[in-house]
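Engineer: Spelled out, the chains give:
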Amino acid sequence: MSKRFVAIWFRHLTTDRMIRRRPDLGDVPFVLAASERGRMMVKAASAPANARGICAGMVVADCRAILPTLQVLDEEPGMEEKLLTALAEWCLRYTPIAAVDLPDGLILDASGCPHLWGGERAYLKDIIARLRGYGYDVRAAMAGTIGAAWAVSRFGKISPIIDSGGQAEALLPLPPAALRLDQAILDRLTKLGLYQIRSFMNMPRAALRRRFGQGLLSRLDQALGQEAEEIQSVRPVEAYQERLPCMEPIRTAPGIEIALKQLLERLCMRLETEGKGLRACVLKCYRVDGELQQIDIGTSRASRSVGHLFKLFELKIQTIRPNLGIELFLLEAPVVEDMPVAQDALWAVCDSNEAVIAELLDRLGGRVGMACIHRYLADEHYWPERSVRAAVSLQEKPATEWRSDLPRPLHLLPCPELIQVTVPIPDYPPMQFHYKGRLHQVKKADGPERIEQEWWLQMGLQRDYYRVEDEQGARYWLFREGHYGSGEPQWFIHGFFA
Amino acid sequence: MIRQLQGEVLSLQGHKRAAGSDRLRTGLGPLEASFPDRVFPTGAVHELLSFAAEDAVATNGFIAGILGSLMGQRGACMWISARRTVFPPALKVFGIEPDRIFFVDLNRQKDILWAVEESLQCDALTAVVGELSELSFTESRRLQLAVEKSKVTGFIHRYSPKSRNTVACVTRWEVRPVASVLEAGMPGVGYPRWQVQLVKVRNGKPGSWELEWSAGSFRHISRRSFAISEFETRKAG
Numbered sequence: 001m002s003k004r005f006v007a008i009w010f011r012h013l014t015t016d017r018m019i020r021r022r023p024d025l026g027d028v029p030f031v032l033a034a035s036e037r038g039r040m041m042v043k044a045a046s047a048p049a050n051a052r053g054i055c056a057g058m059v060v061a062d063c064r065a066i067l068p069t070l071q072v073l074d075e076e077p078g079m080e081e082k083l084l085t086a087l088a089e090w091c092l093r094y095t096p097i098a099a100v101d102l103p104d105g106l107i108l109d110a111s112g113c114p115h116l117w118g119g120e121r122a123y124l125k126d127i128i129a130r131l132r133g134y135g136y137d138v139r140a141a142m143a144g145t146i147g148a149a150w151a152v153s154r155f156g157k158i159s160p161i162i163d164s165g166g167q168a169e170a171l172l173p174l175p176p177a178a179l180r181l182d183q184a185i186l187d188r189l190t191k192l193g194l195y196q197i198r199s200f201m202n203m204p205r206a207a208l209r210r211r212f213g214q215g216l217l218s219r220l221d222q223a224l225g226q227e228a229e230e231i232q233s234v235r236p237v238e239a240y241q242e243r244l245p246c247m248e249p250i251r252t253a254p255g256i257e258i259a260l261k262q263l264l265e266r267l268c269m270r271l272e273t274e275g276k277g278l279r280a281c282v283l284k285c286y287r288v289d290g291e292l293q294q295i296d297i298g299t300s301r302a303s304r305s306v307g308h309l310f311k312l313f314e315l316k317i318q319t320i321r322p323n324l325g326i327e328l329f330l331l332e333a334p335v336v337e338d339m340p341v342a343q344d345a346l347w348a349v350c351d352s353n354e355a356v357i358a359e360l361l362d363r364l365g366g367r368v369g370m371a372c373i374h375r376y377l378a379d380e381h382y383w384p385e386r387s388v389r390a391a392v393s394l395q396e397k398p399a400t401e402w403r404s405d406l407p408r409p410l411h412l413l414p415c416p417e418l419i420q421v422t423v424p425i426p427d428y429p430p431m432q433f434h435y436k437g438r439l440h441q442v443k444k445a446d447g448p449e450r451i452e453q454e455w456w457l458q459m460g461l462q463r464d465y466y467r468v469e470d471e472q473g474a475r476y477w478l479f480r481e482g483h484y485g486s487g488e489p490q491w492f493i494h495g496f497f498a
Numbered sequence: 499m500i501r502q503l504q505g506e507v508l509s510l511q512g513h514k515r516a517a518g519s520d521r522l523r524t525g526l527g528p529l530e531a532s533f534p535d536r537v538f539p540t541g542a543v544h545e546l547l548s549f550a551a552e553d554a555v556a557t558n559g560f561i562a563g564i565l566g567s568l569m570g571q572r573g574a575c576m577w578i579s580a581r582r583t584v585f586p587p588a589l590k591v592f593g594i595e596p597d598r599i600f601f602v603d604l605n606r607q608k609d610i611l612w613a614v615e616e617s618l619q620c621d622a623l624t625a626v627v628g629e630l631s632e633l634s635f636t637e638s639r640r641l642q643l644a645v646e647k648s649k650v651t652g653f654i655h656r657y658s659p660k661s662r663n664t665v666a667c668v669t670r671w672e673v674r675p676v677a678s679v680l681e682a683g684m685p686g687v688g689y690p691r692w693q694v695q696l697v698k699v700r701n702g703k704p705g706s707w708e709l710e711w712s713a714g715s716f717r718h719i720s721r722r723s724f725a726i727s728e729f730e731t732r733k734a735g
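One line per chain: the protein sequences are H and X, in this order.
Going by the working numbering, the residue at position 434 of the first sequence is 434; the numbering climbs one at a time, nothing skipped.
Position in the second sequence (from 1) plus 498 gives the number in the working numbering.
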């Protein structure tokens, strides 16, 4: 299927909107102006003002000299973009891919759409007629490339519809400005007397590149369809989406569950044929009153099991407020990953276990949040707080071995707690210490194990760790922070040994 | 005759006899005599009580020791708690690869119970450890029903519970740390040593033992050898 693009040009975008808002301005020449370098500059002029020779870029004082009755209104900055985005969203009725083309246009990817309106001419006519009906002064053109459609919409004089393959011919009589070039290049072209595209289109490319740079050549190639050009749609199309419109509004939880099951079955069937699995999924419920309710789930590994995904959603269904009823369900999978075909082989015991565990983690994460679930890997740090890090995925293997040569407490306090000690100096373990209002007599002790400040982090003083046992037989991990030489060092408790 | 009948009663009560070859080796030594069928009950829920931070860590050490032999080379475990204190690298000493444990940190008791029950139903896990304070009889019954299907071993560690209420768990343990014992004249702190009390056990004999965790396995300290080593240290000291 050949590509077809529609370029729409709003000749008086902001002023037309002003008239839509204030119909009394309809026949009055007015301009939208903004202050720039201490003077008022015209940003947009309405059609009647244009007719009197007033255009954007002039100084308001000059315009007043031309036309004393001219009305000057303040310009709202950023209005074009807002307006064009809204118009692009409105244009989604014509095609799923509609992009904003600042400052005054829209680009629609119409490939495969015009036949629904009974042909390209009717399609284009419908767009123009409706937009004009809203009061926008538009010109539109359709061509096989974005560049050609843009050129013809602005500068074309003969036909707004250019067949695929006819771009070169259509471009010939147009001025160079139709190629969306920089002002500097346009000036140079005019200076050389190249007023039409035909005068330089067939020149040797090397000569064009040398004089005007690569920009001109790539714009020409884009217009002729020899170089690809991408547009950014206002609403990206979800590749994996299923929709279920309902004849009667759905208001009950069982109804939502049935709809969800149907959608999941369809989506998972599609994922299965394409060898994919989803990592995130969103159920959008469009209510009768125009409100949108949505619930989303995430999985810790790619999945396409209806039962599992349904269980994840089931935990959240009660958060949907159907009010008067839901008329459209939309199931989208924004994150999709390749997933090999499930192999229920006899020897793949470990993998299937992993899948079951992943499903369990998803269920837990779905209810209490994934942030609550951790798996730890060893990290190359000496400080106990930093010697573990959270694993990011279920499959991640530890990069370094777990060390078991140094004694580490089974319980580690989240942060060391200050204790009062009685201690012979310099390098002896405490004889007794106070912790949580109880005095512990140290009977046995081991240490010190010095853990230095890690030079690549430069945080904290060095610690001397002692393993001590009190008269009850309980074992603790204490440390002294810093040396004796510099002030009174403090003692902390950092953990409990089994 | 009586032993045969006992075996039948046990199998009717849902206690499955382990095949001779893959009998679980927990290294608990004389403790195993007090279990039904002389083997540590897997696929059941065990209850452990502790009342102080020092007891809690000894209890977790005892759980970790059993977990090490339960998980073996490829098992996975879920550790669900409110205020997690376990420091993963320390588990290596108990023969566990710390990266095969999933730690779930939850705030509400209700969520913990739900997560424990949900995990106990998942037969891909080897064991589930839940740390909470209160457990009613009904709740424990639900957990027991969950493991009967999935054969996962559950450990419910109750830290400072309000009362020692009856629950439907197979055993009830209380573990306390006791002073470690060193070879005469050696300085430092010895191997972890605990007073393990089996308060209740279904179809078994309760008792109390002293265990030490040394060289990657449990070692039972019999009264006499304990007395001798104690005597020797005193003499030396």
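Please note that the accuracy of each hint is not assured.
Here are the simulated lysine to aspartate or glutamate pairs, EDC-like style, with alpha carbons at most 16 Å apart [claimed, not checked]:
#1 H/Lys436 x H/Glu454
#2 H/Lys397 x X/Glu646
#3 H/Lys3 x H/Asp104
#4 H/Lys397 x X/Glu595
#5 H/Lys284 x H/Asp296
#6 H/Lys443 x H/Glu471
#7 X/Lys703 x X/Glu530
#8 H/Lys311 x X/Glu616
#9 X/Lys590 x H/Asp379
#10 H/Lys276 x H/Glu238
#11 H/Lys3 x H/Glu227
#12 X/Lys590 x H/Asp405
#13 H/Lys397 x H/Asp338
#14 H/Lys397 x H/Glu385
#15 X/Lys590 x H/Asp137
#16 X/Lys698 x X/Glu681
#17 H/Lys436 x H/Glu417
#18 H/Lys82 x H/Asp109
Derived by calculation from the structure, the hints in this document are not laboratory data.
Engineer: If any of the earlier hints don't hold here, list their numbers in rising order.
Structural biologist: Hints 1, 2, 3, 13, 14, 15, 16 and 18 not satisfied by this model.
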